[in-house]
Every structure is written in C-alpha cells, then in structure tokens.
Amino acid sequence: MSLSTPRPDAVEHDTTDHGAIDHDGIGARIQRLVGAVEPRLIEIRRDIHAHPETGFDTHRTAALVVSELEALGLEVQTGVGRTGVVAEIAGGAPGPCVILRADMDALPIAEQTGLPFASTVPGKMHACGHDTHTAALLGAATALRELAPTLKGSVRLIFQPAEETQESGAQAMVADGAADGAAMAIAFHNQPQLPTGHVMLLRGASTASSDEFRVTVNGVSGHAARPHHAIDPIVGAASLISQLQTVISRNMDPAQSAVLTIGHIQGGESQNIIPDSCTFEGTVRCRSEASRDRAEAAFRRICQHGAEALQLTAEIEYVRGAPAVQNDDGLVDQAARSLTEQFGAPVSITQGTDFGAEDFSYFSERMPSIQIYLGAGQPGRDDRLHNSDYQPDERYIAQASAALTRLAVDLLR
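If you use full-length UniProt numbering, the sequence shown corresponds to residues 1 to 413, in order.
Read the hints as simulated data drawn from the structure, not as lab findings.
Wrong hints could be hidden among the right ones.
[Claimed, not checked] Distance windows between CB atoms, simulated:
id, residue 1, residue 2, range
1, Ile316, Gly73, 40 to 46 Å
2, Ser270, Tyr318, 27 to 33 Å
3, Ile248, Gly123, 32 to 38 Å
4, Pro368, Arg320, 20 to 26 Å
5, Arg300, Glu269, 25 to 31 Å
Glycine included, every Cβ here is placed at the ideal spot set by N, Cα and C.
Could you put together the complete structure from these sequences and hints?
Written out as structure tokens, the structure reads:
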C-alpha cells in the first residue's frame, strides 16, 4: 500500500473537547498494559523485519503470530485466506463483534537501511511498515485480553497476508468467513510523513479503488519502408494512449476525479519492421463506485472504437481490484473522542484525497469501518513508504496498540 499524507492545512477541526470520559481510568490502564509489553513488541517487529515474506507466503510470520496469541491463552484459527490468522477475545457480556485488522506481508524491494535487523532475505523488505502493524496488533491483543471482562461483545483479531498484491489477502480471508458476524472493522497505517504522536482521521474514502488493464493492439506487420502495406499497431497504441487521457479530462466529474496511468508499453523487435501487435498496461484509480463504472466504460469505448477507426483491433483485459476504503462517519467521530482522550492531544480530521489502494476495503464494503493513520516519522528523517531506506519510528508501535485498544474498549462499553 502506498499512501500520500493528507495536507495538514486541510484539517476539518481539532477534537479538543468531545466530552469523552476516562472510564475507571481506562486510558491510564491501557498505557500501563501496553507499556509493559513495548520492549517485546519491538523485538517482534525486528524479528519480522529481518525475515520479510511477500504475498500469501507469510508462513513464518503467521507462525510467530500464532505463538504469541496462544501464549495469551487465545484459541487461534490458521489458514484463513490461505495464510491468515484469526483469534477472538470474548468480553464479559454479550454484544457486537469488532474486527481489528493488521497486514503481515512485505514488498519485493532490496533493503538499503543498514540496520542491524535489516532484511536477511535478498530482494524482500518491510518497506511499508507491515512488520510494525503486526507487532502493534499483538500489543493490542495483550491489553484487550486483560480488559476482556469489562467488554460487552468481542474483539476479532485478523492478521492478513497479501495486502500488497493484486490478488487480495483481505478478499481471501473474507471469503473464508473472517468478516462473518462482525459489526464493525478497524484498521490502521503508519505514516512517516507525520511526526510520531500525531493521529489523522479521514472522512469519506480514505483510499481509491485499484483496477489494472492490459490492451493489445493488433495490426498487420510489414516493412518499415512500406507502411501502406501494413497496419501499424504502434501508431494505433500511441493514438489510444493519447485519447485515454480524455477519460479523466472529459469523461469524469471534476469533483469526482480519478487517475489513469500507463506504466508499460511494448511493441516490435526491430527498427525496420512494423510489428503485428503492440501492448500497453496501466492502472485506473477512483474514489467512488460511480466514478469507477464511468471510467471503465469510457476506457473500453475509446480502446474499441479508436482501434477500429485505424483498422486495428484491441484486446482489452480490465481487472477490477480492491474498491475504495470508505470510512464510516460515526466511527470517525468515535475515534476522535476516544483517541483525544487516550493521548491527551487533539486528533486531526480531514477529507480523504488519496489515490493509493488498500484492500481493507473488502471489510469496509461489508460493515461500518475506519482506517486510522498514525505518525511514524523519525526526527531528522524524511521517510516515504515503499522506499528501500524506510525507517519508521518504533515508538509509534505502542501508540498504535493503545489506539486500537482504546477504540475497541469504547465501542464495547
């Protein structure tokens, strides 16, 4: 997942006083419970960081998670969505089920940090901070296990593989029943562009849908010196690529913008041969289902008819990926109250504007959901996600644990 940071100047308001009550000193108790295990959480994070696993191949990470959860006395389900892990913490009284989700997979990036716990696996790295996510959810599990008797309902812990791949781990886990019977879902993500201690909440769509396309333009090959004896697919592909820019500029509502990017094009083998075909690939990102439908329809129309106008044919492969994550307004308001009370500092709320993708959306399309953004920027550094030198501030791990715990507790009290 790659997210841009919401602009600090776009803050809707600071949540300075929402009447939140520290029930029975719950905030201080959460801080004590998380603080007691913080050194262990950092150890876990570094262990996972040194042994990154990508996609659905998160076997070692899942085994570590299972070991930690079983040590808490929890009953654990494995193999959910192939390599996902699920455990449920039952409260002291009946009530709704709240999902807390963390992703476990790394990226196919060669690490350049030089850290003593740097990746030991060539070409793989936790460059998006999912190692910190996994550790933070284990911290929340520890605290919630102690607080369980005070809860009216249950907390379902979901450790998910394959967030970074087009084949979605969230979708696979949902298909295996991970979301069944749950009333709400909560996810979170580290943000290196925000200082540690900063909490950002977004209204509306916090990410965009992620669709992929591959178009093969077919013509007739021939000698480059005799173009009239051929039908040139390279010229056709270039024409289509130019026309496809009008999907955004002339087909989409300017207030509901989208992104269409061509990331790869390939055609021909020699400078003096017009080839039989030319292929280009890319992605379309939208922040609403209506925009998504409109963009796909325009894309197909331009490719099909634009090719026909040049006596070419276009083979279109258009694959829909994860939809946009939609944050529930009620959960945004509750999170603002809970986290302001927990951390004693205002929480920023703004409107989502990002076009990155996140498959937590397969949960958010089934139930009220929220994704929380927590600052993880180290002083003096200018880190970015998906970078080979990415080094988040480990202090944020305990804050994430406390944030997840507090919101779950307040939702179930």
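inquiry  = I'd like to know which numbered hints this structure contradicts. Please list them from smallest to largest.
reply    = Going through the list in order, the structure violates hint 1 alone and respects the others.
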